[in-house]
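**Student:** Sequence:
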Amino acid sequence: NRNFTGLNRNDANKLDSFLHFRTPRDPYSVSKYRKATAMNDTGFLDPITNDSPKGCWRLQSKKAGLEVSIKNLLWPGFEFKYQVGDTQYVQGYFGSGIRQNDLIYMIS
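In my numbering, each residue's number is its place in the sequence shown (first place is 1) plus 863.
Just so you know, these hints were derived from the structure itself, not from any lab. Where a beta carbon is used, it is the ideal one built from N, C-alpha and C, also for glycine. All clues given are correct.
In the DSS-like style, the derived pairs of lysine-lysine whose C-alpha atoms are separated by at most 25 Å in a straight line are:
{"#": "1", "residue 1": "K877", "residue 2": "K925"}
{"#": "2", "residue 1": "K877", "residue 2": "K934"}
{"#": "3", "residue 1": "K944", "residue 2": "K877"}
{"#": "4", "residue 1": "K944", "residue 2": "K917"}
{"#": "5", "residue 1": "K944", "residue 2": "K925"}
{"#": "6", "residue 1": "K877", "residue 2": "K917"}
{"#": "7", "residue 1": "K926", "residue 2": "K877"}
{"#": "8", "residue 1": "K926", "residue 2": "K944"}
{"#": "9", "residue 1": "K917", "residue 2": "K934"}
{"#": "10", "residue 1": "K944", "residue 2": "K934"}
Label-pair ranges, simulated between beta-carbon atoms:
{"#": "11", "residue 1": "L878", "residue 2": "G960", "range": "15 to 25 Å"}
{"#": "12", "residue 1": "Y968", "residue 2": "G869", "range": "34 to 44 Å"}
{"#": "13", "residue 1": "M969", "residue 2": "G948", "range": "25 to 35 Å"}
{"#": "14", "residue 1": "N913", "residue 2": "R962", "range": "15 to 25 Å"}
{"#": "15", "residue 1": "N873", "residue 2": "S959", "range": "33 to 43 Å"}
{"#": "16", "residue 1": "E942", "residue 2": "P916", "range": "18 to 28 Å"}
{"#": "17", "residue 1": "S924", "residue 2": "M969", "range": "18 to 28 Å"}
{"#": "18", "residue 1": "G940", "residue 2": "S915", "range": "14 to 24 Å"}
{"#": "19", "residue 1": "E942", "residue 2": "N866", "range": "17 to 27 Å"}
{"#": "20", "residue 1": "N913", "residue 2": "D965", "range": "18 to 28 Å"}
{"#": "21", "residue 1": "S915", "residue 2": "S959", "range": "18 to 28 Å"}
Start from the sequences, fold in the hints, and give me the full structure.
**Tutor:** Shown next as structure tokens:
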């Protein structure tokens, strides 16, 4: 994405800086998506912090917060990696495709 210029260390270490690249599901995001100005604004994308159950995403930092790894606890095997200041990132799913339905009891 040519519009992504990277994240600074502070933003890269906050879960609410990361968004789903999908058709929005959150009612607020959907309303922004339907407006004509959405093409120049990322505000229509759903933040991962709105996912249910709360706490299903975990952010881990390495090298003084310059390398960030995000894992989904609901779908074990998904991982996203990002280096501060970079305009590229990597993600992949290496799980079994089995949802962790007991997660709500593990994080409450």
